[in-house]
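Following the hints, complete the assembly by docking chain B onto the known chain A.
The listed protein sequences derive, respectively, from chains A and B. Count the first sequence with my numbering and you get residues 1 to 572, in order. Count the second sequence with my numbering and you get residues 1 to 149, in order.
Because the hints were derived from the structure by calculation, they are not lab data. Just so you know, these numbers come straight off a predicted model, no measurement behind them. By construction, the Cβ of each residue, glycine as well, lies at the ideal position given by its N, Cα and C atoms. Be a bit skeptical, because a hint or two may be false.
When the alpha-carbon atoms are kept at most 25 Å apart in a straight line, the in silico SDA-like pairs for lysine to any residue are as follows [claimed, not checked]:
1. K252/A - P451/A
2. K56/B - Y51/A
3. K61/B - N280/A
4. K61/B - Y33/A
5. K240/A - D504/A
6. K468/A - T449/A
7. K61/B - E131/A
8. K363/A - L321/A
9. K90/B - E131/A
10. K482/A - E100/B
11. K252/A - G68/A
12. K482/A - G311/A
13. K252/A - P210/A
14. K252/A - Y51/A
15. K240/A - S82/B
16. K90/B - K240/A
17. K240/A - N280/A
18. K61/B - P186/A
19. K56/B - V144/A
20. K61/B - T55/A
21. K482/A - E384/A
22. K252/A - G374/A
23. K61/B - K452/A
24. K452/A - E384/A
25. K56/B - M127/A
Covered, in the sense of this in silico footprint (three residues per stretch, anywhere, with C-beta under 8 Å from a C-beta of chain A), are these stretches of chain B [what the hints assert, rightly or not]:
26. 16-26
27. 51-58
28. 62-72
29. 78-85
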Amino acid sequence: MFAESSSGPRRRLVVVWALFSLFVLVLMGRLLYWQVLRRGDLLQIAAQEHYLSRTIYPQRGMILDRHGQFLATSIFGYDVFARPRAIDDPLHTAERLATILDQPPGDIFDLLVGDGPGVTLARAISMDRGEYLLSLGLPGIEAVSMPRRGYPEGTLAAHLLGFVTLDGEGFYGVEGWYDEVLKGLPGSRGGAEDPSGLTTIAGYGSYIPPRDGATLILTIDRTIQSIVEEQLDRAMADSKAEAGTIIVMDPKTGAILAMASRPTYDPNRYWETEPQELFNNPAISQLYEPGSVFKVVTMAAALDSGLVTPGSTYEDRGSILVGGRPIFNWDYSVRGTTTMTELLRYSLNVGAATLSTHLGAEKFYEYVRRFGFGEATGVDLMGEFPGLVRVPGDPDWYESDLGTNSFGQGIAVTSLQMITAVAAVANGGYLVQPYVVEKVITEEGETLTQPKIRRQVFLSETARVLTKMLVEAVSGETSLAKVPGYTIAGKTGTAQIPVPGGYDPVWTVASFVGYAPAEDPQFIILVELDRPESAPWGSVVAAPVFRAIAQELFTYLGIPPDAVRLAQVPQS
Amino acid sequence: MENSVGDASSPNIARVDLRTRTVRVAAVFFVLVGLMGWFSLTQASQSTTAVIQLHKLAAEKERLRQENAQLRFEISRLQSISVLRERARKLGFAPPQEAEYLYWRGSQSDDQGSLPTFEFSTVDESQEPSSLERAISHILVLLTAGFSN
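Excised from the complex, chain A in its bound form (with noise of 0.2 Å):
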């Protein structure tokens, strides 16, 4: 019995101890299991739960002009957002966003009492806002500090700037080319945060700082510009054109000094413009056909090819058959014996077709090509279209196009490869490849562009004779381009606008090209206005338009008269 009684404790005693133990040896397992197998994923867990990332957005790259001005910076502003199951008040939450926002508070209120866990208000609004925003402390509405992009001068050069989204993506222009190099690399800065939200320890060392964009300096001179683009504005609203384009250009180096296009936007507020077909760089991606101006291409193929000499003659009888087609005169006049200088003075569409048919396609379409026509300049902007021209061989080209295409009907350039091919024509021969930006400047050094010229068009003795007649040209044909006491090389364009079927009866593209002085130009100047109403010719419309711009520039650059300029003074 008392064996019995005494065993019976002992063997309670294993078991319970035998229980223990297996518990022990459980907990231990479970211990094993979460503090060594499980241990990464866990502090990971734990990392996700208190570690917090913050990224460091870099500031966008400064766009400044040739002298230091700036035209684009990064600025900072708020983007609101709302959590409304947080949001005690709607209706007087609305009320306090509606004066800052500058919405209505109905809809403000609207997206308040929405079931989304979050809705974004607005983007972007100023420091000064966003700042008395959070001030006010109110319940469920946060503002965070996000980098935008600023355009202090407004709408210049909007064109050639392009814009930057909110989202920090650059498009069109400057901004879209060059938006790799300009947006920088963003950082980060790691901590693990409290409940309330106060960084309490610096977290893992993870703090990579931002790398801010690069700085470019543009060719663009923003007095230039301004004048520029204060000349067409007038000459919009005297002509009462549709569109307008004005590019200034160093025919030297290609630098393209300033470059405006109308109609316009403000890319500070891009957003609000209509229609987006706006963004679109006219001066690098409209084509038109450009007239009378393609006849100095026309000239200098025939001159340099040894074909005429600028007292060379021919018989303009007032038409000629081209494929079956006839070529009448712009006034369809009949000169009889005309000389060279005196096509371009008169600007014939017969001699031209004359002059193509006798250089033959083959000869005629290869100085089309060494001009650069139908293909991109190479310009550093985003957008450039590369113009269209139809050869022998293509399915749509006609044996009429030889006669046609000599006084540039038919054939689709844009503003840019017209002036950069009459720059040929002052700078000597070279075709050089137009650029916009000067300098780029980073945390490494700067780089500067070298103008790059991409082929010898033709002999630069051709481009002084063909000078020549171009001031010939200027003096008979449009005095309106004159300037007294200088001498100005150029050629106007009044070309009929393309429609299925044929030729708008109306409507005309009225251009000019010319670049002073003339035997060393400083700059070119294209002027091209789209349906002017108040007369349809480029002599008429775009010619003072350039000489407007032209005596601006003299005064600026100070660049004397001739008389001046070329005055020999004997040495004492």
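Just chain B now, kept in the frame of chain A:
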């Protein structure tokens, strides 16, 4: 008897000594642990304070960077060409209409009746005006070509 007493008291003394030593060791242990805890807490506290300060400074730096960008934009906007032009107009300035160039030909008098006509020839550098003549010419240009009120 003494021995017996002595024998009897010796374990007591040893027990007292052992207890005292244990208490001392425990006291030292607790003091050390306490010191270590205090040191650790102080370190953690200082580290946290430093981190908070660091973050405050970083936030302040970021705020100043943003303010700097904002001010740069404001300055650029106030110096924009449209603002300058408007300000100049209000002050009564007008754009220059035409520059008058006065050319100084030096002390030698020569035939100035007809100025050279335009030719497509490069000007002979030996016959170009000297730097002094150029400088005077430019000064005259600046004097006559500036803003006219």
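For each hint, the structure was consulted:
With a C-alpha separation of about 9 Å, the suggested pairing of K252/A with P451/A holds against the 25 Å cut-off. For a cut-off of 25 Å, the pair hint linking K56/B to Y51/A stands: about 18 Å separates their Cα positions. Using a Cα cut-off of 25 Å, the hinted pair K61/B and N280/A is violated, with the two alpha carbons roughly 39 Å apart. Pair hint K61/B plus Y33/A does not hold up; C-alpha atoms about 45 Å apart against a cutoff of 25 Å.
This hinted pair checks out: K240/A and D504/A have alpha carbons roughly 18 Å apart, not beyond 25 Å. Straight-line distance between C-alpha atoms of K468/A and T449/A comes to about 32 Å, which puts the hinted pair past the 25 Å bound. A threshold of 25 Å between alpha carbons decides the hint, and for K61/B with E131/A the separation of about 16 Å falls inside it, so the pair holds. Proximity of K363/A to L321/A is assessed by CA-CA distance (about 20 Å); at most 25 Å being required, the pair is judged to hold.
In summary, the hint linking K90/B to E131/A is not supported, as the alpha carbons are separated by about 35 Å, beyond the 25 Å threshold. Restraint check: the Cα-Cα separation between K482/A and E100/B comes to about 17 Å, which is no more than 25 Å; the hinted pair holds. Simply put, K252/A and G68/A have alpha-carbon atoms about 22 Å apart, close enough for the 25 Å limit, and the pair holds. Note on K482/A and G311/A: the hinted pairing holds, with a Cα-Cα distance of about 24 Å set against a maximum of 25 Å.
Straight-line distance between C-alpha atoms of K252/A and P210/A comes to about 40 Å, which puts the hinted pair past the 25 Å bound. Between K252/A and Y51/A, the direct Cα distance comes to roughly 59 Å. Violation of the 25 Å bound is thereby established for this hinted pair. Distance check on the hinted pair: K240/A and S82/B sit about 23 Å apart at the alpha-carbon level, within 25 Å; holds. In summary, the hint linking K90/B to K240/A is not supported, as the alpha carbons are separated by about 29 Å, beyond the 25 Å threshold.
Pair hint K240/A plus N280/A holds up; C-alpha atoms about 21 Å apart against a cutoff of 25 Å. For the given pair, K61/B sits about 16 Å from P186/A by alpha-carbon distance, which is consistent with the 25 Å threshold. Between K56/B and V144/A the CA atoms are separated by roughly 17 Å; this keeps the pair inside 25 Å, and the hint holds. Taking the CA atoms of K61/B and T55/A, the gap is about 15 Å. The hint holds against a cut of 25 Å.
Of the supplied pair hints, the one linking K482/A and E384/A is violated, its CA atoms being roughly 32 Å apart against a limit of 25 Å. Taken as a hint, the K252/A and G374/A pair is honoured in the structure, with Cα atoms around 22 Å apart against an allowance of 25 Å. Our distance criterion of 25 Å between C-alpha atoms is broken by K61/B and K452/A, whose separation comes to about 43 Å. Distance check on the hinted pair: K452/A and E384/A sit about 18 Å apart at the alpha-carbon level, within 25 Å; holds.
Among the hinted pairs, K56/B with M127/A is consistent with the structure: their alpha-carbon atoms are about 20 Å apart, no more than 25 Å. Coverage of the region 16-26 of chain B by chain A is violated in this model, with 0 residues showing a Cβ closer than 8 Å to a Cβ of that chain against a need of three. For the region 51-58 of chain B, the stated coverage by chain A is satisfied: 5 residues place a CB nearer than 8 Å to a CB of that chain, which reaches the threshold of 3. With 7 residues having a beta carbon nearer than 8 Å to a beta carbon of chain A, the region 62-72 of chain B meets the requirement of three or more and the stated coverage holds.
Interface restraint, the region 78-85 of chain B with chain A: holds (5 residues with C-beta to C-beta distance below 8 Å; minimum three).
Checked against the numbered hints given earlier, the structure breaks hints 3, 4, 6, 9, 13, 14, 16, 21, 23 and 26 and satisfies all the rest.
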